[in-house]
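There are 2 protein chains.
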Amino acid sequence: MQNQNSPSLPANISRQELQEIVRSQLLVLLEQEDLRGAKALLVPVQPVDIAAVITELPAVKQAIAFRLLSKDEAIEVYEYLDSNVQQALIEEFKQQDVLDIVDKMSPDDRARLFDELPAKVVRRLLNQLSPTERQATTLLLGYKPDTAGRIMTPEYIALKESLTVAQALERVRRLADVTETIYYLYVTDEFRHLTGVLTLRALLTAGSEQTVADVMKREVVIVRTDTDREEVARIVQDYDFGALPVVDTEQRLVGIITVDDVLDVIEQETTEDIYALGGVESGGDKYFQTTNLFQIARMRVKWLFILLFANTATSAVIANQEEIIERVVALAAFIPLLIDAGGNVGAQSSTVVIRGLNLREVSVKKALSVITRESLVGLLLGVMLGLAVVVWAYFLENSWEVAIAVGVSLLAITLLASVSGSALPFLFSKLSLDPALMSAPFITSVVDVLGVSIYLWVARVVLQL
Amino acid sequence: MQNQNSPSLPANISRQELQEIVRSQLLVLLEQEDLRGAKALLVPVQPVDIAAVITELPAVKQAIAFRLLSKDEAIEVYEYLDSNVQQALIEEFKQQDVLDIVDKMSPDDRARLFDELPAKVVRRLLNQLSPTERQATTLLLGYKPDTAGRIMTPEYIALKESLTVAQALERVRRLADVTETIYYLYVTDEFRHLTGVLTLRALLTAGSEQTVADVMKREVVIVRTDTDREEVARIVQDYDFGALPVVDTEQRLVGIITVDDVLDVIEQETTEDIYALGGVESGGDKYFQTTNLFQIARMRVKWLFILLFANTATSAVIANQEEIIERVVALAAFIPLLIDAGGNVGAQSSTVVIRGLNLREVSVKKALSVITRESLVGLLLGVMLGLAVVVWAYFLENSWEVAIAVGVSLLAITLLASVSGSALPFLFSKLSLDPALMSAPFITSVVDVLGVSIYLWVARVVLQL
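From first to last, the protein sequence lines stand for chains H and X.
All the letters of the first sequence, read from the start, carry residue numbers 1 to 465 under full-length UniProt numbering.
All the letters of the second sequence, read from the start, carry residue numbers 1 to 465 under full-length UniProt numbering.
Honestly, the hints are just simulated from the structure, not real lab data.
Be careful, since some hints might not be right.
Because identical chains cannot be distinguished in the list, a pair is counted as satisfied if it fits within a single copy or across any two copies.
[Unchecked claim] Here are the simulated lysine-lysine pairs, DSS-like style, with alpha carbons at most 27 Å apart:
(1) K61 <-> K366
(2) K286 <-> K365
(3) K286 <-> K61
(4) K71 <-> K217
(5) K286 <-> K366
(6) K94 <-> K120
(7) K430 <-> K286
(8) K61 <-> K104
(9) K302 <-> K144
(10) K217 <-> K39
Can you build the whole structure from these sequences, using the hints too?
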């Protein structure tokens, strides 16, 4: 279905549609047991798309489809599969087939797979890997999760300073098939200390009589094996590197992290951040793959209870001042409106500050100026919203006192929300707590409790109760 | 300050600290008018860090610091500066210096700069660029913002199928200094139609008598000039490519997009998504650089008014049923608690669904199963929270009827919130509206209005009013 001489996507088809078409055609061919046709169908398809197609097949057909692939393609496709499909295939295959694939995977993908497998299976596989691969894997698994050490790969090219450019290029050619990338080359001394870096571009454009030492850059941006992976992603993003070297505590080169792995890290970290803003404990990126409803409820109930507990204060405040509401029942009508408006303003302020902290656009040093700015904006917004709400309250209840009480309260609540919405993330960042997860419940609670108190106090004053 | 023979970051210093140290030392040297010392200070520092340091200098010192750099480094650093610093420097410099830098920037960075400059300045600069650069720039600026055409660069290497591997490598060497990347090479025919792609790795490891046609892959993943940049980022992330070719409607190759530009796109798009979830219209990534408070208020007031308007319904509902509250004033105490709990549950559901839609982890096809799952989880959570709240309400008001009314309402509200929180994003996605921006206000309003109605109705039944 793809023209051999044109780009693989016709002008009007999306990748999802492509995968859907391949999947249904593949199913038909497998039903007809036309394995040759199925194999031919998959030849021009990208490994990433093959993996997506296989994931969507019925479980019984996945192993059959996978076996259609050539050895090299099978390994590539395997690395792109979802981990539950990877596990299912491991159980399907004969020992030897499994071992071949697992042995040939790149070490970082293998470590990621082993992280998901049951410990028994991991032990068995580890024992049967070739010695070099076993060593590479246990090295990676030895590092804490979410650190550079865990996501790096030891398959890099190291050069000696004394090599000529011609010799270096020859070494690159020889190792090209067994390394993660040949575009970034690292220079080490005899003790494996990292002394320099050069790109393949620099090597190719240098004179062949020059040495590696002439071409390389001695200022190398590095990360350590215990560097947090979020920091790694930030460095790759800021410096626009295609790969980063990872050193141990002795400054010896132990691995590299390539930008494509960083893209995955960024996606997972962003999901965690977004979940945190919404009050959901992250289960990795597995929310929609988790089938156990109790597990999902557990991811969510913790923060709901914390918020519920914090919000009980609002009911205590109101219960304590019930006589005001008894006197002017109309006041009750505006409680949701006021605390919702406060919550919305607080959410806006905290959202931009939390994101700004994450991207290093603002720092705790600048907290005061940011909070001042947010307060002024909050005042502005409070005046605009307050006027609108005064009009509405008068229309609803036909009482200027109630309307003014509501309007003034809204102004005060909006100001309060802006201040707390912008200040609390800084405070939590300073206390080394995650601003995203910690601030939202506190901000809502602060705004609600104080907001309700302000409202009833203002009402008391305005209505001279 | 950096040891020439060791990696540039000592084991215990962060990049922020490094930049801070360089900045303060630089300021001291500039005050003393020691330009030679200042120049030497900057030699081993990465362009990205120099740009960050210059950005933090007082405005009057920025131009002086910038002039310390060599021509090549100046261009690199300039591309990394914030756009307001880029603009300030343009006004500072002599015509010719500005032109030299702007002329030598890579076309995609130049297009990005021109997007920010006043139109008058852009016209003047455009007219004075060299013809090739002017053509490259107007080409890019001719495309709609947020499309592949706008973020691509025309500086790629194209090869003919008939070249031998040796000839191809020679061409790569010759063009290495003027192209964005030499690691991905594109094969075109005499009409510039894209016919294949090959990596430099493949070229280097091929036999030198082979031709490009032997080595290249004919299945190429492409994007078109009008492809949305979010889609471009998704493709690069999924396929792990270092670069993507961009073709026009005739399938002719017009440019490439490299992964480092995609990283920037991802960051900006993520900020937009996060802002949308928080109810903030995005001003690009300029929230903290905007100094006009009225502009900021304008970014935020629109959604606040929409939400306020939607929330007026809650006050109408309560005002309409004031007699219930008159009869049992204790009921008013729990209004904030109930709608807050509903809002939190709704926010959780919508957050995970919106993020899932964004990452293509769920699609509208699966809407029914996702909503069902969320409803069941909502029921589970509602039971847990409801029991807790019944205990609290009884403790506060000493009335079983009120406690039961509150508990049953919480259960109903939680279920309602889960359903609307998961369903509305799918609905808006189906209507081609942005789920993130559209759903949150509707979900809060639906939960609040219906929640309050449910509460007063349940109270009426339980208390037999």
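Hints that the structure is at odds with (numbers, increasing): none
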